[in-house]
Amino acid sequence: MDAVIENLPTYWRGFTMTLQLLVVSGVAALVLGTIIAAMRISPVASLRGFAMVYTELVRNTPLTLVLFFTAIILPYLGSRLDYIVAAMIGLSVYTSPFVAEALRSGINGVPVGQAEAARSVGLGFGQTVSLIVMPQAFRMTIPPLINVFIALTKNTSVAGGFFVFELFAAARELANANGDAVIAILLGAATLYLVVTIPLGVIAAQLERKWVVQR
Amino acid sequence: MSGSSVLFDAPGPRARRLSTISSVITGIVILAGLGWIAWTLAQPRESGGITLPGYFDPSRWDIFADPEVWQFIVFQGVLGTLRAALTAAVIAVALGVVFSLLRSSTIAWIRIPTAIVLEFLRGMPVLLMMLFILLVLNTGAFWAVVAALSLYNGALIGEALRAGLASLPRGQREAGLSLGMRPLQSKMLVEFPQAFRQMLPIIVAQLVVLLKDTSLGYIVGYVELLRVNMNNLASFYGNRYLFSLFVVTLVLYLTMNLLLSWFARWLSKRTAARSSGRRLDPDNPTQAVLVAEASAAARQAENV
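Protein sequences, first through last, are from chains A and B.
Note that the working numbering numbers the first sequence so that position 206 is 206, with each residue one more than the last.
Here the working numbering = 1-based position in the second sequence + 215.
Chain B extracted, bound-state conformation:
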């Protein structure tokens, strides 16, 4: 259902007034709740005989006036996060291409082991993978984070691309082969570009997940935004600033992730408008892959 307006009557003047009133009232209740939280946080607290200032007191925020703090946050924290995310994203997309080709190979000896490996990678927590790479391969935190994120997201991107390949009309491959292309040529030159384009929104959505997951580096000891702010800066400036530092970290993460997810949604709308196919949900890449796989399987069953 596209619009929920079907669910209730087109409101008349009374219903509209009622709806406006209840809307305003709930709005006030929500705002009051938020205001109460803010007010409670702003109150000075008694602790062991000393009065601590409220959480919005300037004395808890003054470090952010210092450009050096920002330099630290941006060049150590944000850059550390983005460096890991970008490296992992490039490797993940490359791995995804390789996985999808191996997974859709006609040789069973290649296809089946790849399927098992992919299933293994998809079912395991990324954090455990990071720990594994860190302890077994002894690579250092950066490469442990990057390698685990690349493998995990590469497996998901690979499945997405494979579903994209499988959902193409058979005529595409047949046309390529009948022009005299070898199977691999037809796959790389004819089918793959189409599949990639169709699956681009899912890939970008998966990259949002990847960006979010770089924060797991905090647990395995990689120096990224969360660790810089909450460990390094908080222990340097003291616990007084813990709350303010957390708020700043949260805002920075939200900005990065929201920008990337809006981009994914915009892409998805654009591709859907062009290909007029079924729109894959860019907000939930795992489910979108599942739907794409299922429709591809259904389509292949029709073709045979």
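Pulled out of the complex, with its shape left as it was, chain A reads as follows:
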């Protein structure tokens, strides 16, 4: 326990980096995912195809491989990115298809009748999507999106294996330095992860429970 308290500054440094990774890649993944989801439902066939292939490929690539690419292969190919930026890019790209799928499944959850009614009143594609479908799809996408962010929080730990000093890397370093208090050190790091993931999980489960009956 003493080892944990003594090293609180190191934990804090790691934890802020984890939060930074989470927020930046979360926002970037949200933007990228929305673009991909829009492509998935667009009338242009080649955009649909591209989005589908992208989703399928990225989702089936392990995150370790994505981060390996951004942290080791990209510099080898000649990029000069900071490791933190590289990790953020990797995490956003990896998370974006999950965001896109969450959005798409929310849109698919809106009954067809809604869109049909909107179309029969004379609204166009853009109007139907932005005024009728999206507002209803929005709340159905919240629980899956929270789940995506929980997964992202846990995934930031992989960046610790690729030269970014975040919570996992901090825990590893502290565990190596304090051989006699490994359990306490690692449980301390686990607690910090749980502080983020458990409240998010509770919110997601509650919202899902509230809305599942209405579907």
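In case anyone wonders, no lab produced these hints; they're calculated from the structure.
Cβ coordinates follow ideal geometry from the N, Cα and C atoms, glycine included.
Some hints here could point you the wrong way.
Stated by the list, open to error - Some chain A residues judged to face chain B by a derived CB distance under 8 Å, without partners named:
1) A3
2) Y54
3) F68
4) A71
5) P75
6) A151
7) A171
8) L192
9) Y193
10) T197
11) I198
12) E208
What the hints assert, rightly or not - Covered stretches of chain B (in silico footprint by chain A; criterion: 3 or more residues with CB under 8 Å from a CB of chain A, positions within the stretch not fixed):
13) 240 to 250
14) 388 to 394
What the hints assert, rightly or not - Some residues of chain A that are not near chain B, with every Cβ distance over 12 Å (derived):
15) D2
16) A28
17) L167
Here the structure of chain A is known, so what remains is to put chain B in place on it, guided by the hints.
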């Protein structure tokens, strides 16, 4: 909404032409972008006065003509990955069954601690769990990877199975009990087989996640596909082959994962056709579990 065709008019000849044209144009733009990337990679580069060959130059790929390299990749790399994944999958499913039974126990002393442990396992990064097992229990890399993956995925499979159990009609259990079965008998012989079948797509989808996560073994030092290719082979043959080795690794991973996810999707379609229940998304197991839990809770509230 099943078809997005509701969203726009059935296109007339002009709109169809417009759509085809824009489709072709974006298609060309996408292909041109990909082609540009490929072309850039294929160009020879100047580095410190020496010209290095492009990334698609045969001199960067010649090691793959050597069967010994493939032997190494397959028997050390792919086999290492599959060995860890298979062992972890078997243990995870077994753990999932145990967790789901403990979690749905009628005794609060068993149910509540299990719920806390499951919540703890689900909220923690697998990588941290691997490090914990590696350092604290000192098991060696293989068992650290397998144990962490089994615990994490076992917790998720357990939650899925519990949701499956909870969503069964109460009549199933009542019928079992009224035949004179003991509660555990009814659970194992009547309820469990149904829940397992209903949740099979989610379990297989979770196994895809498990297979993907074996690559985390790279960080804790387990010898699997990524480590064999990118560390062992790359340092043996030199950095010249780093890019080609990465491409081969990526293709191998994609093949394994895509095959397994297509299997999960096929299973999900088959179960949905049979049980006519709400189809659980096999692509996102965590969300599917959440939906299953919520519908089970709603159903139980109706029954009481």
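Results of checking the hints against the structure:
Evaluation of the A/A3 hint against chain B yields a violated restraint, the C-beta minimum of about 14 Å exceeding 8 Å. The restraint placing A/Y54 at the interface with chain B is violated, with a minimum CB-CB distance near 10 Å, outside the 8 Å limit. For A/F68, the suggested interface contact is upheld, since its CB lies about 7 Å from the closest CB of chain B, less than 8 Å. Hint on A/A71 is violated. Least Cβ distance to chain B is approximately 11 Å, over the 8 Å limit.
Below 8 Å, beta-carbon pairs count as interface contacts, and A/P75 has none with chain B, the closest being about 11 Å; its hint is therefore violated. Restraint check, A/A151 versus chain B: the minimum CB separation of about 7 Å is within 8 Å; hint holds. Because the beta carbon of A/A171 sits about 7 Å from the nearest beta carbon in chain B, less than 8 Å, this interface hint is met. Given hint, A/L192 at the interface with chain B, is violated; its Cβ is 10 Å from that chain's nearest Cβ, farther than 8 Å.
With a cut of 8 Å, the hint placing A/Y193 at the interface with chain B holds, because the nearest CB-to-CB distance is about 6 Å. Interface hint status for A/T197: upheld, as the beta-carbon distance to the closest one in chain B is roughly 4 Å, under 8 Å. A distance limit of 8 Å between C-beta atoms decides the matter here; for A/I198 the minimum to chain B is near 5 Å, and the interface restraint holds. A cut of 8 Å between beta carbons decides the hint on A/E208: the least distance to chain B is about 4 Å, and the hint holds.
Coverage of the segment 240 to 250 of chain B by chain A holds in this model, with 3 residues showing a Cβ closer than 8 Å to a Cβ of that chain against a need of three. For a cut-off of 8 Å, the count of residues in the segment 388 to 394 of chain B with a CB near a CB of chain A stands at 0, and the three-residue condition is violated. Listed as outside the interface, A/D2 is consistent with that label: its C-beta sits roughly 18 Å from the nearest C-beta of chain B, beyond the 12 Å cut-off. Residue-level check passed: A/A28 sits 20 Å from the nearest beta carbon of chain B, beyond 12 Å.
With a minimum CB-CB distance of about 8 Å to chain B, A/L167 fails to clear the 12 Å threshold, and the non-interface call is violated.
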